[in-house]
Amino acid sequence: MSWSAPDDAPTLHPRFADPAVMRDLHDEWAATRRLRVVDAFAPGLADALFEAACEHQFAFFEKHVNEVRAVFWRQLQRFPEAGEPSSFGPIAKAQRLCEVDLPRLVSAISGQALHASAGANGIAIDYYTRGSYLDAHTDQGADRLVAYVIGLTRDSWPHEDGGHLEFLEADEDTVVERIAPGFGTLDLFCIYPLLRPHRVPLLRRSVTRISINGWLAGELKGPGED
Amino acid sequence: MLNPRLGRPDELAQLQGRFAATRRLRIEAAFPEARAAAWLTALRGSEHEAYQRVDPDAGFQVWRFGFEPGVGCEHPLCELGRWLRADGVAWVAALTGLSLGAEPNPMLLSDKACKAAFRDGYDARAEAPGRVIGFAVHLTPGPWPVEWGGHLELHDGDVVERFGPAWNTLDLFDLSAPGQGRRRLPMIDRHVEGYTITGGFHASS
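Protein sequence lines correspond, in order, to chains H and L.
Start counting the first sequence at 1; every next residue gets the next number (this note's numbering).
Start counting the second sequence at 1; every next residue gets the next number (this note's numbering).
It is worth saying that the hints were derived from the structure and are not from the lab.
As the structure is a computational prediction, the values presented were derived from the model and not from experiment.
Cβ atoms here follow ideal geometry from the backbone N, Cα and C, with glycine treated the same way.
Treat the hints with care, as some may be off.
[What the hints assert, rightly or not] Calculated Cβ distances over 12 Å to all of chain H for the following chain L residues:
1. Pro4
2. Thr96
3. Cys114
4. His151
5. Pro178
[Unchecked claim] Partial chain L-side listing against chain H, Cβ under 10 Å, derived:
6. Gln52
7. Val54
8. Pro56
9. Asp57
10. Phe60
11. Gln61
12. Trp63
13. Phe65
14. Ala116
15. Gly121
16. Met187
17. Asp189
18. Arg190
19. His191
20. Glu193
Next comes chain H alone, as it looks inside the complex (with noise of 0.2 Å):
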């Protein structure tokens, strides 16, 4: 449960160096595997990757894999190689979170050893509006143990006009846990052994809705071994 905020280019919020507050945190990761955890961020990098995002093109995304849809629209930031540059602005902030501090951070609270997944040699943003979805599934692929969100959504709106994460049961139907976007919040939940359905329902309203997703890897281990 131990973590140090590492000196250099600060991408957490520093309070995650109080032993009090990791230990917080691992008491509800341990009772839920669900976790949300507001201004979560070093102050100002949710503002810096949010501007960053907002100038740069999301292309339409439309997926169909299986049974499973989805239409919204992406924009991809590939990290660049040793002094290659890059358009995007935060870029090597973006890559310490998500390769370095955020994998280190889940590590302390989930009591596993967590690395970025394979092959995310960038970071994917989602943009929600109007006419988007995400239909039920469970992220399950190779090694993927938790999945988390960056907040960069500053519109609310109802859940009656759809775009909040659902959590479901095995049914895929029933809603067991509802989460609205947010901005500066990291969004951590399980999906190993849980494999947990979720989804985003169909948004109805002209809003934005911007997110930065991605996994944690680790060894796989059956129910009850972790």
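Given the structure of chain H, go ahead and fit chain L onto it with the hints provided.
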């Protein structure tokens, strides 16, 4: 091409009366069943591309496939397209009592009905200048309730009439008549399947 019953004088007279009353008309079982089934099969195999405009008041998200009927091509959609530019024009002209001709652009459009498709209010007349009669051939295997979205709404301030998805129907609209041009397609909120081929006729020159 049409269901043979639509060639009977009594049937045509009945359709003429209905059209004259409202300047719009839905014709059920408009084509032979085998033809409609062939068009559906062809459309299922056609790549409908997504088109969107993010706009709170005039946005849309549609999946569309455009095709130009080939001369002499035996593809079912080409046969339909050629009929609409020849015998179909004559039949619709007889039904509506208007002098009609094929449009200069032979392109026909198919819109795929699927989850998240919507279209805010638009003016069909502005989109197709010179179009007098608009048509829609619906090829939706099963209809669905209005609450699911995807029922075309004709507006004249209020909703004048809704045209829901249907199987093997031909809708005709006199775009010059009040309330026929303004339309809206409420968002479809679940996974459904359907196709609508749209186009129109100009005044005969």
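How the hints compare with the structure:
{"no.": "1", "hint": "Pro4", "verdict": "holds (40 Å)"}
{"no.": "2", "hint": "Thr96", "verdict": "holds (35 Å)"}
{"no.": "3", "hint": "Cys114", "verdict": "violated (9 Å)"}
{"no.": "4", "hint": "His151", "verdict": "holds (16 Å)"}
{"no.": "5", "hint": "Pro178", "verdict": "holds (29 Å)"}
{"no.": "6", "hint": "Gln52", "verdict": "holds (6 Å)"}
{"no.": "7", "hint": "Val54", "verdict": "holds (6 Å)"}
{"no.": "8", "hint": "Pro56", "verdict": "holds (4 Å)"}
{"no.": "9", "hint": "Asp57", "verdict": "holds (8 Å)"}
{"no.": "10", "hint": "Phe60", "verdict": "holds (9 Å)"}
{"no.": "11", "hint": "Gln61", "verdict": "holds (4 Å)"}
{"no.": "12", "hint": "Trp63", "verdict": "holds (9 Å)"}
{"no.": "13", "hint": "Phe65", "verdict": "violated (15 Å)"}
{"no.": "14", "hint": "Ala116", "verdict": "holds (5 Å)"}
{"no.": "15", "hint": "Gly121", "verdict": "violated (14 Å)"}
{"no.": "16", "hint": "Met187", "verdict": "holds (6 Å)"}
{"no.": "17", "hint": "Asp189", "verdict": "holds (6 Å)"}
{"no.": "18", "hint": "Arg190", "verdict": "holds (8 Å)"}
{"no.": "19", "hint": "His191", "verdict": "holds (7 Å)"}
{"no.": "20", "hint": "Glu193", "verdict": "violated (12 Å)"}
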